[in-house]
Amino acid sequence: MADIYWQPVNNPKGSGGHGHGRMAKAFQLMGLKGSTDTSVFYIHSDLESSDLSLHGDAVHLKSTGKNNYHALVARQQQDDIHRLAIRYIYNNGRPVNTSPSELLALNLGGLQIIPSPLPREHWKYKSKSLYRFQVTFEGKPLAEHGLLATTRFGSNEILHTDQSGFIELVIPEDFPEIIPLKRATPPGEIQLFSSYSSEGQVYEASLTAAYHPSDSSWKSVSLGALVVLIGLIFGFYINRKLPEHNRRKAK
Amino acid sequence: MMWLKNLTVVRRFVQLFMFVFLVYGSVVVGFYAADKISGALPSLSCAYDSMNADYCALIPLQHQMHHRLGPAVDSGDMMKLFMPLVTTLVTFLMMFVLLNKAFCGWICPLGFFQEVMQLIGQKLGLRKVDSLSHGAVDKVRPVKWLMLGGLVFGLPALTSLGFLSDEWGDPFCQICPSRIMTTLFTGSDEQLFVDTSTPSYMVLSILGDFLFGLTIAMAMTLRQPFCRICPLLAMHALFRKIGLARLVKKGTSRCDKCGICAEACPMDIRELQTDHNAVEKAKDITLPDCTLCGRCVEFCPDKDVLQIRYLNVPVFSASPQYFKRRKKAQKEWDKVKLIGFNTDKTKVKP
Ligand code: SF4
Ligand code: SF4
Ligand code: SF4
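Residue numbers (this note's numbering), protein chains in the order written: chain B, 9 to 259; chain U, 144 to 493.
If you are wondering where the hints come from, they were derived from the structure by calculation, not from laboratory data.
Since the structure is predicted, the reported quantities are computational estimates derived from the model, not experimental observations.
In this text, a Cβ means the ideal position worked out from N, Cα and C, and glycines have one as well.
Watch out, some of these pointers could steer you wrong.
[Said to hold, decoys possible] Here are the computed lysine to aspartate or glutamate pairs in the DMTMM-like style, where the Cα-Cα straight-line distance is at most 20 Å:
id : chain 1 : residue 1 : chain 2 : residue 2
1  : U       : K446      : U       : E423
2  : B       : K249      : U       : D281
3  : B       : K190      : U       : D332
4  : B       : K249      : U       : D273
5  : U       : K282      : B       : E252
6  : U       : K424      : U       : D399
7  : B       : K136      : B       : E197
8  : B       : K132      : B       : E181
9  : B       : K136      : U       : D332
10 : B       : K134      : B       : E185
11 : B       : K70       : B       : D54
12 : B       : K132      : U       : D309
13 : B       : K136      : B       : D223
14 : B       : K190      : U       : D309
15 : U       : K446      : U       : D418
16 : U       : K148      : U       : E475
17 : B       : K74       : U       : D178
18 : U       : K271      : B       : E252
19 : U       : K148      : U       : D477
20 : B       : K132      : U       : E333
21 : B       : K70       : B       : E56
22 : B       : K134      : U       : E333
23 : U       : K400      : U       : D445
24 : B       : K132      : U       : D178
25 : U       : K446      : U       : D427
26 : B       : K190      : B       : E129
27 : U       : K426      : U       : D399
28 : B       : K132      : U       : D332
29 : B       : K41       : B       : D88
30 : B       : K190      : U       : E333
31 : U       : K467      : U       : D447
32 : B       : K136      : U       : E333
33 : B       : K134      : U       : D332
34 : U       : K393      : U       : D447
35 : B       : K74       : B       : D54
[As the list claims (entries may be wrong)] Derived coverage of chain U by chain B (criterion: at least 3 residues anywhere in the stretch with Cβ under 8 Å from a Cβ of chain B; other residues may be distant):
id : segment
36 : 169-179
37 : 333-340
[Unchecked claim] Ranges of calculated distance between the beta carbons of each label pair, as one might list FRET restraints:
id : chain 1 : residue 1 : chain 2 : residue 2 : range
38 : U       : V229      : B       : S206      : 48 to 58 Å
39 : U       : M221      : B       : G73       : 11 to 21 Å
40 : B       : A192      : U       : H277      : 49 to 59 Å
For reference, chain B alone in the conformation it holds in the complex (with noise of 0.2 Å):
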């Protein structure tokens, strides 16, 4: 496919955009051809906006002192073609009114690939996990539609909307190298892609990501469970150890 898609600028710690600094994060856009018009524009956690320019194909985030998700959006129109690439950023600041779910609620226009939900504040998406998306076009859900989610490490699938527009995606866990600890492992892309043709236009929508390593590497549930299970018998221990307080000495 030939839609624009958002991708960090290379630099392995800025591209998640969870860090809790608010230094300045760079994104580019791909698949950009060279004379076609595209408009940036940043949508605020409070929904406000702001057009932002594209130097070559890169913009540069600075923080908008504002808490929670921000989009940014870059839209294209090329003859009868409608090109729309979302991204979702965290950026720390002082708290809004407004919440992810009416971010995500924005009718952009065309077709768009919506996360629902957006990993919680402070998550993120993991690999191994299983995330809805859904595929609306004007606002309404998009049946038994065809979506192409890719990856950074060359994972591919093709997966259809259900009735109501929803996709579930395990997001794989593909990473060249995991580094067994939270946070070292470089993250990976994950890139969703639709296209859809109403009266004669053709419109096509992205939707990237960073996503983590899951836990799995480094935590072990049997483990836990083991533990959990010596306390439990220890605590049985104790409690036959537990000398009785009686007050009223004869009941």
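Since the structure of chain B is provided, determine the placement of chain U with the ligands on it from the hints.
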């Protein structure tokens, strides 16, 4: 049935409702943290539960100490720490004022879970230890302050200042039994783990799992074992004087010989019997370990000696008639046993 009509039964229904609401309530309030009711609840409803309706104040407090103290000290601008800290505390207090320590006795999922374990223990006929000795109670009481001072504020502060590695930024969450319990209730085993990535994470995760197992087992024999060391109980104790709900007592000389209230108290508050006897006016006796469960009032046989008041209006008062009914109901309830594991007690036919 008669025995259904008592405060404990009403409380159980409220607890069950709150448990379901807090553990699964995202369906109602929304999924994102921004949708939650307060984000600083005075009960151990867990932020790690993906379906919660709200989460406890201890997680923002630890995070603020961990992420804000260091930068605040470095920049010399302490407002960087105080602003978020004050926001959390004010939110916490706005909720807390309404119910005071009843957030423990009526709302907390972990408090309810321990009570359910106790019921199960009793129904299985396991050994029952109603009270700990005075010495043991005195030794356990300061632990909650250490948990609050050390795990919620101290270690995250030291981490923020660079004295400890990053793993120690939210140590209470890492050992909190509510994290494992509530997530298991949502069908996820994600929080039940041993983390082998670093020695610190390993120690903390093992401690957390062990404490969870210990809490379950001990709750079957001893009432509210974890509550006795819970940092939120300590935080409640700090602010209990501003709560609108109170336990009050206007004791008489008869209290010296009675003490059924202290025996009924799941938190082993023996001062219930000894304080405020022979006073002119009812006095606040919402003690640091109280959870405002109201059991002491139920089991006080003397008219109006113990009361739960809201805005100083009595809402539930001790009375001899109620006491008789309540005692009978308890006896009947205690008789119902499924199995009698504890052979040194008389087994009663179901
Ligand atoms: S782990 Fe415990 S302290 Fe931390 S958010 Fe959950 S309930 Fe609160
Ligand atoms: S003391 Fe018990 S009831 Fe209160 S917050 Fe802690 S665990 Fe919950
Ligand atoms: S003092 Fe009374 S209300 Fe408080 S915990 Fe004990 S029994 Fe419950």
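Hints versus structure:
For the hint pairing U:K446 with U:E423, the CA-to-CA distance comes to about 15 Å; that is within 20 Å, so the pair holds. As the CA atoms of B:K249 and U:D281 are separated by approximately 18 Å, the hinted pair is consistent with the 20 Å bound. At most 20 Å may separate the alpha-carbon atoms for a hinted pair to count; B:K190 and U:D332 meet this at roughly 18 Å. Taken as a hint, the B:K249 and U:D273 pair is honoured in the structure, with Cα atoms around 14 Å apart against an allowance of 20 Å.
Annotation: proposed proximity of U:K282 to B:E252 holds, straight-line Cα distance about 16 Å (limit 20 Å). Taking the CA atoms of U:K424 and U:D399, the gap is near 18 Å; set against the 20 Å cutoff, the hint holds. Proposed proximity of B:K136 and B:E197 is supported: the alpha carbons are some 14 Å apart, at most 20 Å. For the proposed pair B:K132 and B:E181, the alpha carbon gap of about 14 Å is at most 20 Å, so the pair holds.
Taking the CA atoms of B:K136 and U:D332, the gap is near 14 Å; set against the 20 Å cutoff, the hint holds. Taking the CA atoms of B:K134 and B:E185, the gap is about 15 Å. The hint holds against a cut of 20 Å. Distance hint between B:K70 and B:D54 is fulfilled; the C-alpha atoms sit about 16 Å from each other, no more than 20 Å. Between B:K132 and U:D309 the alpha-carbon distance is near 19 Å, which keeps this suggested pair within the 20 Å criterion.
At roughly 9 Å between alpha-carbon atoms, B:K136 and B:D223 fall within 20 Å of each other, so this suggested pair holds. Distance check on the hinted pair: B:K190 and U:D309 sit about 11 Å apart at the alpha-carbon level, within 20 Å; holds. Between U:K446 and U:D418 the CA atoms are separated by roughly 17 Å; this keeps the pair inside 20 Å, and the hint holds. Distance hint between U:K148 and U:E475 is fulfilled; the C-alpha atoms sit about 13 Å from each other, no more than 20 Å.
In summary, the hint linking B:K74 to U:D178 is supported, as the alpha carbons are separated by about 16 Å, within the 20 Å threshold. In summary, the hint linking U:K271 to B:E252 is supported, as the alpha carbons are separated by about 8 Å, within the 20 Å threshold. Our distance criterion of 20 Å between C-alpha atoms is met by U:K148 and U:D477, whose separation comes to about 16 Å. Proximity of B:K132 to U:E333 is assessed by CA-CA distance (about 14 Å); at most 20 Å being required, the pair is judged to hold.
Straight-line distance between C-alpha atoms of B:K70 and B:E56 comes to about 15 Å, which keeps the hinted pair within the 20 Å bound. Of the pairs offered as hints, the one joining B:K134 and U:E333 holds, with about 12 Å between alpha carbons and a cut-off of 20 Å not exceeded. For the suggested pair U:K400 and U:D445, the alpha carbons sit about 12 Å apart, so the restraint of at most 20 Å is met. With a C-alpha separation of about 18 Å, the suggested pair B:K132 and U:D178 falls inside the 20 Å cut-off, and the hint holds.
Restraint check for U:K446 and U:D427: satisfied, since their Cα atoms lie roughly 17 Å apart, inside the 20 Å limit. Distance hint between B:K190 and B:E129 is fulfilled; the C-alpha atoms sit about 17 Å from each other, no more than 20 Å. For the suggested pair U:K426 and U:D399, the alpha carbons sit about 17 Å apart, so the restraint of at most 20 Å is met. A distance of roughly 18 Å separates the Cα atoms of B:K132 and U:D332; the hinted pair therefore holds under the 20 Å criterion.
About 14 Å separates the Cα atoms of B:K41 and B:D88, which keeps this hinted pair within 20 Å; it holds. Distance check on the hinted pair: B:K190 and U:E333 sit about 15 Å apart at the alpha-carbon level, within 20 Å; holds. Distance restraint check for U:K467 and U:D447: the Cα-Cα separation of roughly 15 Å lies within the 20 Å cut-off, and the hinted pair is therefore satisfied. Our distance criterion of 20 Å between C-alpha atoms is met by B:K136 and U:E333, whose separation comes to about 12 Å.
For the given pair, B:K134 sits about 16 Å from U:D332 by alpha-carbon distance, which is consistent with the 20 Å threshold. Proximity of U:K393 to U:D447 is assessed by CA-CA distance (about 7 Å); at most 20 Å being required, the pair is judged to hold. The straight-line distance between the Cα atoms of B:K74 and B:D54 is roughly 8 Å, inside the 20 Å bound, and the hint therefore holds. For the segment 169-179 of chain U, the assignment as covered by chain B holds, since 6 residues bring a beta-carbon within under 8 Å of that chain's beta-carbons and 3 suffice.
Residues of the segment 333-340 of chain U with a Cβ under 8 Å from some Cβ of chain B number 7, which satisfies the need for three, so the listed coverage holds. A beta carbon spacing of about 53 Å between U:V229 and B:S206 agrees with the range 48 to 58 Å that was offered as a hint. Our hint of 11 to 21 Å for U:M221 and B:G73 holds, since their Cβ atoms are close to 20 Å apart. Taking the beta carbon of each, B:A192 and U:H277 are about 51 Å apart, inside 49 to 59 Å as hinted.
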